[in-house]
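At position 34 of the sequence shown the residue is numbered 34 (UniProt numbering), and the sequence of numbers has no breaks.
Simulated from the structure, these hints should not be mistaken for laboratory data.
Predicted model only: the values in this text are computed from it and were never measured.
Think of the CB as a built atom: it goes at the ideal place given N, C-alpha and C, for glycine as much as any other residue.
All clues given are correct.
Computed Cβ-Cβ distance ranges for the label pairs, DEER-style:
1. G65 / E100: 25 to 33 angstroms
2. Q84 / L106: 24 to 32 angstroms
3. A132 / R60: 57 to 65 angstroms
4. H43 / L120: 48 to 56 angstroms
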Amino acid sequence: MTGHPGEPSARVPAGGPSFEAVGFEVDAPLFVISVAAQLAGMHAQTLRSYDREGLVSPGRTTGGGRRYSRRDIELLREVQRLSQEDGVNRAGIRRIIELEAQVDALRAKVTELSDEIRSLRTDLSQSRSDAANAAANAVAGLRRDVVPWQSTTTAMVTWRPQRRRAQY
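Produce the entire structure from the sequences given, and follow the hints as far as they go.
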């Protein structure tokens, strides 16, 4: 690498460069395998192995070449950390990745449902306000000089039809 702006340097500091400072889109498949390996501090063959095992699966070009995103690089670093620092085997790493994906999906669902609840509460509040206004307008439109009749008795009258006598 020549050190031109936008190119990674030949030596990557511990932890790698800050992607946030560079401003890369998190899921944009930008890096060929050699650059991704350098950014992650690994050998390219390790990245191929992780891809075969399904631990980190990068995007592909139409020709089949691997293209790693910022998220892929971060995941590669996490896989390496789990393996080297925490001593987790690859099956354990795979399970951790699956569980983290489930947690992310559940968080997204919670956010979606929270937004829906907020929207429904706003709609309910508006509906209550509309109903109160409609009731107030209906009452305001009633004639004040007309009073409904109320019966003073609770007696019930029953009517029984009588048969007419036949007249001869």
